[in-house]
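Visitor: Those protein sequence lines, which keep their order, are chains A and B.
Note that our numbering has the first sequence beginning at 1, numbered continuously upward.
Note that our numbering has the second sequence beginning at 1, numbered continuously upward.
It should be emphasised that the hints constitute simulated quantities derived from the structure, not laboratory data.
Errors might be hidden in some of the hints.
[Unchecked claim] With a straight-line Cα cutoff of 20 Å, these simulated SDA-like cross-link-like pairs (lysine to any residue) come out:
| # | chain 1 | residue 1 | chain 2 | residue 2 |
| --- | --- | --- | --- | --- |
| 1 | B | Lys270 | B | Ala286 |
| 2 | A | Lys25 | B | Lys101 |
| 3 | B | Lys241 | A | Val140 |
| 4 | B | Lys138 | B | Gly266 |
| 5 | B | Lys101 | A | Leu185 |
| 6 | B | Lys101 | A | Gln36 |
[Claimed, not checked] Which residues of chain B face chain A? A partial, calculated answer using Cβ under 8 Å:
| # | residue |
| --- | --- |
| 7 | Cys10 |
| 8 | Glu53 |
| 9 | Lys104 |
| 10 | Ala108 |
| 11 | Leu197 |
| 12 | Phe210 |
| 13 | Ala281 |
| 14 | Pro285 |
[Unchecked claim] Estimated spans, in silico, between C-beta atoms of each pair:
| # | chain 1 | residue 1 | chain 2 | residue 2 | range |
| --- | --- | --- | --- | --- | --- |
| 15 | A | Glu107 | B | Pro38 | 28 to 38 Å |
| 16 | B | His29 | A | Leu110 | 34 to 44 Å |
| 17 | A | Thr165 | B | Glu282 | 15 to 25 Å |
Beta carbons: idealized from backbone N, C-alpha and C, even for Gly.
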Amino acid sequence: MQNGTTHCRYAEDVNPAFPTEIMAKPGGEALRDCIQCGTCSGACPMSVHMDLTPRRVIALTRAGLERDVLESATPWLCASCYECQVRCPRDIKVTEIMYALKRRAIEKGLFPKRSPIPVLAKAFYHMVAAHGRNSESRLVIELALRTNPLSLLKMAPVGIKLLRTGRMALGQDHIKDPKQLQSILDAMEES
Amino acid sequence: MTAYAYYPGCSRSGLGKPYDESLRAVFRHLGLALEEIPDWNCCGATSYMSISEDKAVALAARNLALAEQMKAEVVAPCAACYLVLTKAQHMMGEYPALAEKVRKGLGAAGLTYEGHVTVRHPLDILVNHVGLDAVRAKVTRPLAGYRVAPYYGCQVVRPYGAFDDPLRPQTLDRLMAAAGAEVVDYPLKAHCCGGSLMGTMEDIGVRMNFLLIKEARARHANVMATLCPLCQYNLEAYQGKMRHRFHEDATLPIVYFTQLLGLAFGLEPKALGLQRNFVTAEPLPAMA
Ligand code: SF4
Ligand code: SF4
């Protein structure tokens, strides 16, 4: 995993517009105030699994090393628990910055291709846009089919328990008029 | 009778069914009416926010607009729903350009949102609106023998919910004590369960949830109270995998705080959905 190791970066790796553009997003404003204290990384329950710790994500973003950050699995491993954000002594909205990075990685097609997490996010996004509600069981099945169909077999025992206890809804839940919701989402796209 | 605009969230018909059942039963018992927001839509959870922020806020705002027509406070029991709805309000307040865009979007569907909605978690309502004295007065079967690990998880207390401390919350501790339970000192109470990572990165999810259970057991808890359908499921459904992977017993009943409160009120276990839980060991009543 090259991201996690120390390797040389050169001037041409830097996109100077990157930090400015992240700072223009809601929650990104205080990016430059980071003192690299590492409180975020220490607090983060996921940092042991991350290729870049949250502190390094902030440092690399500020330095304009866009590819390192957008190709990293870290923003996707972020579980949105906001622990880093409420603990940061400089009021940096680390969790919101992770979100801004996820969105940018999707826009630029740079998200980690082997990770199932962006696949789930997209499946969820499309299901809600189409139906107005999400259906857990359908989402799980769709994700498995797209990433690792064999995993469905492993999930069967839990699935059976959920069925037996009446905790699995098999149908696609939906709102009465998905078109009304669609008109809101379309209007958001236009403006 | 105080009426609330109920936002059940998508897990209501699936994983979170016992949460919905027990919440309704407890509220009814306390004389609080829940009226479902008509035709509410999915809050968008963390996934929608990962793809489009503006649309995620609009999605949440449609629900707020529908609730505003009801002129009642919103109750959102799911942690993710609660966070997304409060976050959308916060963002519309902080970023006028975004708010304007969202209002235009709502307008395309003939909806308006003026910003007069309060979103509350049922824990907040029970402790701060109903009050612990009123709760105590309703307790007919105190939870003797229940050693509860109070698990808040992350998204109810951080960062937009303002009714408790984001890192060392106390409301659930106090509510469970009022129900007659012994509350265990549980330092991981506001630690994250990993949320949907259990579905995408099971190895990581199992480890995170194992740590939560291990600590609760080490502190002699015999049941864990949760506030969120995803936390409840992650902690409950993978105990076999935890034992297999860490060679350590990870059995612990994981229930909704509303189920425990309902038991203390003397409500029937079935009315609280307890037969739907996977792990119903002591101290919970035996389910035939
Ligand atoms: S906690 Fe805040 S100031 Fe410290 S390294 Fe993280 S982002 Fe920077
Ligand atoms: S919000 Fe994300 S980055 Fe921050 S502590 Fe939680 S998992 Fe880590």
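Visitor: Compare the structure with each hint and give your call.
Guide: Hints and how they fare:
no.: 1; hint: Lys270/B with Ala286/B; in the structure: 11 Å, holds
no.: 2; hint: Lys25/A with Lys101/B; in the structure: 15 Å, holds
no.: 3; hint: Lys241/B with Val140/A; in the structure: 18 Å, holds
no.: 4; hint: Lys138/B with Gly266/B; in the structure: 9 Å, holds
no.: 5; hint: Lys101/B with Leu185/A; in the structure: 11 Å, holds
no.: 6; hint: Lys101/B with Gln36/A; in the structure: 35 Å, violated
no.: 7; hint: Cys10; in the structure: 5 Å, holds
no.: 8; hint: Glu53; in the structure: 7 Å, holds
no.: 9; hint: Lys104; in the structure: 6 Å, holds
no.: 10; hint: Ala108; in the structure: 4 Å, holds
no.: 11; hint: Leu197; in the structure: 6 Å, holds
no.: 12; hint: Phe210; in the structure: 13 Å, violated
no.: 13; hint: Ala281; in the structure: 15 Å, violated
no.: 14; hint: Pro285; in the structure: 16 Å, violated
no.: 15; hint: Glu107/A with Pro38/B: 28 to 38 Å; in the structure: 35 Å, holds
no.: 16; hint: His29/B with Leu110/A: 34 to 44 Å; in the structure: 53 Å, violated
no.: 17; hint: Thr165/A with Glu282/B: 15 to 25 Å; in the structure: 19 Å, holds
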